[in-house]
Amino acid sequence: MNTTNIILIPLLPLLSFILLGLGGKRLFGDKAGWIASLAMLISFVLACGVAMNYFGDHSADAYVGKVVFSFPWLPFGNGLKINMGALVDPITSLMLFVVTFISLMVHIFSLAYMKGEERFHIYYAFLGLFTFSMLGLVISSNLFQIYIFWELVGVSSFLLIGFYYQKNAALAAAKKAFIVTRFADLGFLIGILVLSAEANTLDFQQLMINLSSPEYTSAAGEFMGISVLSWGLALVFIGAAGKSAMFPLHIWLPDAMEGPTPVSALIHAATMVVAGVFLVARLYPLYSIAEVGVQSLISSIGAFTAIFAALIACTQTDIKRVLAYSTVSQIGFMMFSLGIMSEDHLGYTASMFHLFTHAIFKALLFLAAGVIIHYVHSNEMQDMGGLAKKMPVTHIVFLLACLAIAGIPPFAGFFSKEEILLNAWNNNRPIFFIALLTSGLTAFYMFRLYFSIFWNKPHHEQGHGKKEGSWFELIPLMILGVGTVLAGFVPFGEYVSADGKPHHAPIDLQFSLGPVGIALLGILLAAWMYFKASSKPEKTAAGFGVFYKAAKHKFYIDEIWLGFTKGVLFNLIGRPAAWFDRNVIDTLVKGAGSATQSAAEGIKGMQSGKVQQYGLYFLFGIIIIVSVFLFTQGGR
Amino acid sequence: MNLLWIVGVPLLTGLAIVLAPARHARMIALGGAILQMALVIGLYFSFTHEREVGNVFPLLFEKQYQWFPSLGFSLHIGVDGISVAMMMLTAFVVVAGVLVSWKMEHMKKEFFFFLTLLAFGAYGFFMSMDLMVLFFFLEVAVIPKYLFISIWGSGNKTYSANKLALMLMGGSALILVGILGLYFSLPPESRTFDMVKLAETGIGFEIQRWVFPLVFVGFGVFTALFPFHTWVPDGHSSAPTAGSMFLAGISMKLGGYGCLRAATYLMPEGAHEYANIIIVLASIAIIYGAFATMMQKDLKYINAYSSISHCGFVLLGIGMLTKTAITGAVFQMVSHGLMTALFFAIIGMVYERTHTRLVAQMGGLLKVMPFIISAMFIAGFCSLGLPGLSGFVAEMTVFVGSWETKDVFHRTATVIGAMSIVVTAVYILRAVGQVAMGPLVASGEGVDDARWYERWSVIILIAGILVMGLAPFWLYELVSPGVEIIVNQFAGK
Amino acid sequence: MNVEPGLFHFLVIGAVLFFIGIYGFLTRRNLITMLMSVELILNSVNINFIAFNKYLWPGTLDGSFFTVFIIAIAAAEAAVAIAIIINLFRSHQSINVEVAEEMKY
Amino acid sequence: MFEYLHLMKSEAMVLLIIFILLFIKLGKGLPNDTLLSVVQLLLLCTVVVSFGFNDTGRIFNGMFLHNTLVGFQKGILALAVYIISLVCSNWFRQTEHLAEVFVLMLSALLGMFLLISADNLLMFYLSLELSSIPVAALANFDLNRRKSSEAAMKMIMNSALASGIMLFGISLIYGLTGSLDFAQIWGQVKTEPIHMMAFVFFFAAFAFKLSVVPFHLWTADVYEGAPVPVTAFLSAVSKGAVTFAMVNVLAKVFANLSGSWYVLVVGLSVVTMLVGNLFAIRQDNILRFLAFSSIAQVGFILVGVSGQNDQATVATTYFILVYVFSNLAAFGVAAVLLSEAGITRIEQLKGLYTRSPFLAWALSLGLFSLAGVPPAAGFFGKMFLLMAGASKGNYVFIGIATLNMIISLYYYLRVVRLIFTSADKDVASLQVSRPVMFGLGICIAGIIFTGVISWIYDHIQSLV
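Listed in order, the protein sequences are those of chains A, B, C and D. In terms of this note's numbering, the first sequence is residues 56 to 691. In terms of this note's numbering, the second sequence is residues 942 to 1434. In terms of this note's numbering, the third sequence is residues 41 to 145. In terms of this note's numbering, the fourth sequence is residues 1103 to 1566.
In short, the hints are calculated from the structure, not lab data. Among the hints, erroneous ones may be present.
[Said to hold, decoys possible] Heads up, simulated DSS-like pairs for lysine-lysine below, C-alpha to C-alpha not over 25 Å straight-line:
(1) A:170 / A:591
(2) B:1308 / A:222
(3) B:1308 / A:170
[Claimed, not checked] If you want a taste of the chain D side facing chain A, the calculated C-beta under 7 Å gives, among others:
(4) 1259
(5) 1260
(6) 1263
(7) 1296
(8) 1299
(9) 1306
(10) 1317
(11) 1384
These figures come from a predicted structure and were not determined experimentally. Even glycine gets a Cβ: it sits at the ideal position worked out from N, Cα and C.
For reference, chain A alone in the conformation it holds in the complex:
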């Protein structure tokens, strides 16, 4: 395995960021996109090479993680140190491939999509930074290193979401994304501190060994009745939940669509949101030995998020928003799958598999949505309809993606979701039923989207000469479409499993009947309601009444958060603190000043200008001194 190659994978996008960011327009002009794409292409090729190299190496009977290089970046005094290094193991190889692939697609897509933007080169620079951060995150060999790139992912998402910086909405969304994830990162940070103090190391491999060693487990401390290890892991999970938009920290993700659409594709498919899942997967060995409470925390939050987001997705009318909630829901699938521990660790493989397939079809969906939005100049469903004829390529790939996400065989999503459900069925029945219901809802809202965009009502606009999109846009769509069809056939369990040994996940066709049936039911329902324009949706919505309204308003989670920040942070803490500073502490200082002034004013009568009074003071002075002396010292 070539170390240089692995280092180059993240460094190339970074290089593109530096070049484009500093050189800017002057040096590259419109060629900025090409340079970035070229860098990305090389990265992708290298990543493929690394993955093939790694998975092709059968010398051992299991895939083991290897730290290919590492140097101390920041030593701490107590033996801990942040190493910058690269750990290559199955999920790293997988993620390297996924991230570079999706990013490459986005790069190419944007060549046309972002053409003519004033800050074209900056856009590509930020894309490079974003990709770099994510790649750095996946190759991290050290818990702190992952935190570093974790934060960089956060900030690059801030930059990209806020790309249209003159729009107030973009600013608000960017801030929200950053602050919410930052809030979660607090948990991550403290988790790191807990774990590192327990394990006395920050390197993943050593961390796992130290913390799972019998010596540690027997001596592990407790805090409030829960083992310190579990505390640490739960805290880390908060960080993961923030990045991965788990309830109740999911609020930033739907708003993040304020950025350019290809960026949404990148965020939703391959980078930011899967970072949380990746983190939990990275620490999976620890989670698997943690207390059951932590595991069920992960699985229940994941499952709840899945259905919760699916319900909201059914009611949204902005197509990017629907896709965003669908992402939240799908990430929920991955998360709960990780949380359901079993002897064979099928959940791990399933989750990673779903991450893989989801990346492809979700990128496809967003990019396609981008094409559609450019075509109709609107995000709203009611402005669309009847586009099937006008946009044949988009139509087909979109349909493929919808089928995939709905879990219809033989598309990618079917295989991965099947594994997840199977694992849930075997180990946690309640979650299985929630997941099953969510599958149905997924199929429903995705096809609601599909039918509303492409069928429903005829397209009115007289855009005859209007093209569907340039080839730079359509080719990535087609590549991703092919991927959507084929990705499911990858023998995923052979390569990625919790213990590194090949894992044969059987497809149980009998079991599959249920989920597929539910999905088909959802599709049919959607077709019935949305294939032709009708009043059925309104009536149904009215039938659900309050519940519909609540879902439409995203169950008011945003408002609750807003109330919390405005009411508690600003009004209850910030304002009193600022008031206290200006009015209490400052008054003390001012008070000292004015006390001196008034004392000065008070004694001015002493200096009366009368000679005889001066003499009197003189005499008083002597008398006082003498009497003080006589009283205090005289006896001695």
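Given the coordinates of chain A, work out where chains B, C and D should sit on it, guided by the hints.
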């Protein structure tokens, strides 16, 4: 390398400024500042070279000159890694400060003279190993600040300048009483102001017990120890740009360095005795400063209050008394110095162009001044602890070091400190986002971007931030032996 | 009533004179009278010196010499003071001490 | 005879100048400019003579004591008078009675020389009167100003009262100890009530001369009313001489009472600093402001005096030297401003920097030094006083002293700020004549170099 050159150059620069015609003042000041930077960087290299060839003396380039010998003073100078780091910080900020003030018109001769005087005080402070000399240099750096604010300042400058000067002088009064008390409490034969000797012979616990709080609080005033921080917002907001840069970038560091060198190093038992109080106060400063910042409307106030919060980390690190945490405190001093100087430089530039510092009256400025606003983003990100920039390194080191002590109290303090990173994100993004993004405001129409001197000033500071943020091991190697000596003081007891 | 005058009597007279002088200095409004009160104080000191010299330390003449010098200095002081008072009279048309209270606080 | 001349060389020199002036006056007289130059030259000689060739010895039956330290102190005083003759030369040139002014001033200086050399109460009393009566006359020398005569009246009346009370104290001391000789009194003084009462009466005269609260009330009025050179003389020379004498007397004569007078000095020091500062805060007349600031400085000197050891002597001597430079810089500028622009109020200092950067800097440096801001010498002066005081271990007292330093900083900085603030309207720039510039230059050099060059302090130390 003779350290006297490093204090000599600013002194000679100052003299040259006084003697030369006013129109040359800025050139001389810039030349002097660059020469200082070259010297300090040279010092760094010869320092590391000495270390590499195996010179393990705690202090290098040590010299002892006679100065009021009959009173027990001596001009004892020498540097360890911490001093070198602080001096590099000073050199960077000085160059940037001179560049930022390039277009200064009003009484420019005096302005640059005071700048160099401040630099003189700061360099001298960081290299002195004698308590009285340390005190002398500390005081030298106070009055130029007052004049900066009251002559070249803005807003409620009289009040701010008075508050600053009187509070800082109050702090140094405490230090003076502490130092004198320390000196005269010692048995006559071991009376000295020499810190190295004092550390060797040790100071009785009964003395430390009452001297430590005096000295620590005294220096604490300089570094915005809660509740003595109230000069910070007013002073910074009224000062001219370079003044704010110096104030926050260097002057507040004098306090942190003093807390470390004069209080903690000399009086480890006293530090142990009061560590918990320091931690409580520092935690309050961190979180309270952060929340107070959130409510500010003026950019300078925002940065000033955030300085309270950030300097809290310095004190928190010192209060934790572990090697890592103290290293983190030193990191935080360097980092905050660079970052806050950058922030103030940017605020000055923005103010010069839009004639307002109120966040609400700005918006969309990224469009018209991409360079300045990008730098502002970098400063902001550094402030909120983005990896790759210096703030992250410093804060994380403090956190890791604080977490080392395994009891609920220390860890609670750490968590409180860590909470501030969220609040910091909130206020930084609110402010910077509002200034940079959104629709362009009318006052921003047609303004130009940074001019060459502004560019260079920004670039120098960003370079410092990046170097520290990207290659912290470098600073660690420099600083850590020095910290070790301080920590060994505890270990020995 | 034939009491031999002793040190005590002289000291009492001295002290009484001293306080009369001070009382006069503090209460008289006329500058010349005030000056005369000061002379009383000086004279009380003279009495003290002489008495001490005579009754306690008759060996040397320190006290007597001192007295002589005090008398001389008092004359000089009075001369300067009267000159100043005259000048004050020229500018204020009065030698009442209360006219000269311009400068205060 | 030679011994007399050798030990009394400063006094002889001053006497010589006085006689030269009297002879000139007897003859046709000289124009003011020439006369002033002659006096300045002669004073410079006095300075040189006083600083050089000092030796230890007693003459007049031990009434007059001269040693190296005393010689140095006389040098400081002579230097102060020389600087006054330079910085106030505008006023001197305009006055009608220049020769008389100098005769009086130098008589007072002669008195002060004798005062610090005195080793006998009679000598002490005579020289004290010699040093104060001429000053009272001098205070009246702005003959046509109402305030001047008021000041002179206040001064002579108060000082007459003070010397009366002091004499009463001296008479008691004589009665109790039977001697006027310092050395003999030393063994006789006891901590008995009557002794202490005598001491307090005696001490009150020092307190009066030094303007220690509550004996200070004459100070501000006299400073304001008297001609500026006289004020400068009072505040620098007279204060210095009395300080030297007081340190000497307290250490020599009342060493047995040291426990008692330590309390007295500490108490008076605190009150003096506090009251002086509080009054100084609210002054708007420059001279009155300087008066109260010098009262506060006296409080600080007492901090050093309270140290009761050799270091206290060194520190006070050093401080007086620094104080002469700083205070005369301030008074010199005030004199120029008064004579050239009629400026008397602090508010009028606004824009001084634009009118004359040199004056602005001289005044600021003087004030910085008075405030104790490094690198001005005042910083060192105050620090050494504090060190001397701190050697007693009374840190609360030291704390109060430093607190007062902060209060004083407030009003000094207020003035400095005004100097550098731009004036509201355009004002003419000020010309500074050459002697003034030279005098202020000496002060500035003194302020800058007396501190950082530790040689001077070490030299004083070596004299003790």
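Now for the hints, and whether the structure bears them out:
1. A:170 / A:591: Outside the cut-off at roughly 40 Å; violated.
2. B:1308 / A:222: With a Cα-Cα distance of about 12 Å, the restraint between residue 1308 of chain B and residue 222 of chain A holds, given a limit of 25 Å.
3. B:1308 / A:170: holds, 19 Å
4. 1259: holds, 5 Å
5. 1260: At 6 Å from the nearest chain A Cβ, residue 1260 of chain D passes the 7 Å test, so the hint holds.
6. 1263: The hint holds - residue 1263 of chain D has a Cβ within 7 Å of chain A, the shortest such distance being about 5 Å.
7. 1296: At 10 Å from the nearest chain A Cβ, residue 1296 of chain D fails the 7 Å test, so the hint is violated.
8. 1299: Given a least distance of 5 Å, the restraint on residue 1299 of chain D holds.
9. 1306: Where the cut-off is 7 Å and the nearest Cβ of chain A is about 5 Å from residue 1306 of chain D, the hint holds.
10. 1317: It holds, given that the least Cβ distance between residue 1317 of chain D and chain A is near 5 Å, below 7 Å.
11. 1384: holds, 5 Å
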